[in-house]
Amino acid sequence: MSQIPALVRVFAYLSILTVGGGMAAFPEMKILTVEVHQWLTFPQLIHLYSVGQMAPGPNMMMIVAIGQWVGGMFGAVAVLIAFFGPTALLTFVVARLWQKMEKWPWRTSIQQGLAPVSIGLLLAGCFTMARGAISGMETAAIAVGVLLILQQYKVNPALLVAGSAVLGMFSFAPK
Amino acid sequence: MSERATKLVLQRGVDSDAASAEVSIGLIFLEFLIIGATSFGGVVPYLRGSLVTKRHWVDDKEFVEMLSISQSLPGLNATNMAILVGDKLRGALGSLAAIIGICLPGAVLMYVVGVFYRSHGDHDFVTAALKGVAAAAVGLILSTVMGLSKKALAGKIDFVFMALTVIAVNRFHQSVPRTLVAVGLLAIFFHRPPKKQKESATL
Numbered sequence: 001m002s003q004i005p006a007l008v009r010v011f012a013y014l015s016i017l018t019v020g021g022g023m024a025a026f027p028e029m030k031i032l033t034v035e036v037h038q039w040l041t042f043p044q045l046i047h048l049y050s051v052g053q054m055a056p057g058p059n060m061m062m063i064v065a066i067g068q069w070v071g072g073m074f075g076a077v078a079v080l081i082a083f084f085g086p087t088a089l090l091t092f093v094v095a096r097l098w099q100k101m102e103k104w105p106w107r108t109s110i111q112q113g114l115a116p117v118s119i120g121l122l123l124a125g126c127f128t129m130a131r132g133a134i135s136g137m138e139t140a141a142i143a144v145g146v147l148l149i150l151q152q153y154k155v156n157p158a159l160l161v162a163g164s165a166v167l168g169m170f171s172f173a174p175k
Numbered sequence: 001m002s003e004r005a006t007k008l009v010l011q012r013g014v015d016s017d018a019a020s021a022e023v024s025i026g027l028i029f030l031e032f033l034i035i036g037a038t039s040f041g042g043v044v045p046y047l048r049g050s051l052v053t054k055r056h057w058v059d060d061k062e063f064v065e066m067l068s069i070s071q072s073l074p075g076l077n078a079t080n081m082a083i084l085v086g087d088k089l090r091g092a093l094g095s096l097a098a099i100i101g102i103c104l105p106g107a108v109l110m111y112v113v114g115v116f117y118r119s120h121g122d123h124d125f126v127t128a129a130l131k132g133v134a135a136a137a138v139g140l141i142l143s144t145v146m147g148l149s150k151k152a153l154a155g156k157i158d159f160v161f162m163a164l165t166v167i168a169v170n171r172f173h174q175s176v177p178r179t180l181v182a183v184g185l186l187a188i189f190f191h192r193p194p195k196k197q198k199e200s201a202t203l
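Sequence lines, in order, name chains A and B. Here the first sequence is numbered in my numbering, starting from 1 and rising by one per residue. Here the second sequence is numbered in my numbering, starting from 1 and rising by one per residue.
Simulated from the structure, these hints should not be mistaken for lab results. All values reported here derive from a predicted model rather than from experimental measurement. Just so it is clear, CB atoms sit at the ideal spot from N, CA and C, and this is done for glycine as well. Be aware that a few hints might be false.
[Unchecked claim] To give an idea of the chain B side of the interface with chain A (calculated C-beta under 8 Å), a few residues:
#	residue
1	Gly26
2	Leu27
3	Gly49
4	Val64
5	Leu67
6	Gln71
7	Asp158
8	Arg192
Could you put the whole structure together from the sequences, leaning on the hints where they help?
Next up, the structure:
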């Protein structure tokens, strides 16, 4: 129970890092939740994140599961507020200003400059995760397969993730 | 002419406000709750379908504008959009109703998943399925990165900034905020507004 303040601190900090998408915070999330506080193992973090991709709504809801593990129902609610509160407030305030600054020439510069960095952060998060999730030819094939299918066809990604679960169950389960 | 245009827009705004009169807080909550419960595989298309096509709460141009703001600010696209649309409809309370609505279904689901995973996560067949799921998630993020790169990266130099970010975080284990500030400032400076504006102002 005494872990609640630490949960709030960690997830409020991670909240601010989600520039471009939730994945941008993943490297730091791994360091803080796995290495520093040892709330869960790296494979568990990867599992929760991946399962979270099948859930509807904002795609970082797996944080609720971490909160629940560490602090029960109260921990789950604390993590939710800590993770979504700060950026919600920031967006609320900044967006009102931002819309008024339409003529400010640096506005475009900031948007153009942040784009490659935020995409880079997503990619960095992806690589951090791949280190734990890609363990051989089979898992690499699934990742590349999903990428190619999504590039080529308009498929709902949640279906592909679910399909990969079935595929994994058949190919990785011990006989 | 632009004045007349604004007047027209305003008038239309008044009309459509009259049509959708007072969007009640309850309706905002309900609509975002539905999006939160049904948006499998990515929220943005569902947001568009619901807010632009079904409810006419924002038009297409506004939607794209809001999305680009959501992308530039910290926070997930889904929740940032909820804040912006809620604010437009009913101010702070609207924002609150929208963000709670869009988060609630996924949060409850992941709460249950967390409990189940804790007790059954080490079963062989669950581990095997999760191995597949994790690999698929990697492919999914890569696809998101590629989609964004095509849309948002302007020139070769942007790929350099992207690579710098990846190397700083993955290779040199720099913290995300430090990387964001250092490479971000560099990239913003590179994309600084052209000096022309000053010259044209003096002309």
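Outcome of the hint check:
Below 8 Å, beta-carbon pairs count as interface contacts, and Gly26(B) has none with chain A, the closest being about 19 Å; its hint is therefore violated. Nearest Cβ of chain A to the Cβ of Leu27(B): about 19 Å, over the 8 Å cut. The hint is violated. Taking 8 Å as the C-beta contact cut-off toward chain A, the hint placing Gly49(B) at the interface is violated, the least distance being around 13 Å. The beta carbon of Val64(B) comes no nearer than 13 Å to any beta carbon in chain A, farther than 8 Å, and the hint placing it at the interface is violated.
Interface restraint check: Leu67(B) against chain A, minimum CB-CB distance 12 Å, threshold 8 Å, status violated. Checking Gln71(B) against chain A by beta carbon gives a least distance of about 7 Å; that is within 8 Å, so the hint holds. For Asp158(B), the suggested interface contact is upheld, since its CB lies about 4 Å from the closest CB of chain A, less than 8 Å. Checking Arg192(B) against chain A: minimum C-beta separation of about 5 Å stays under 8 Å; hint holds.
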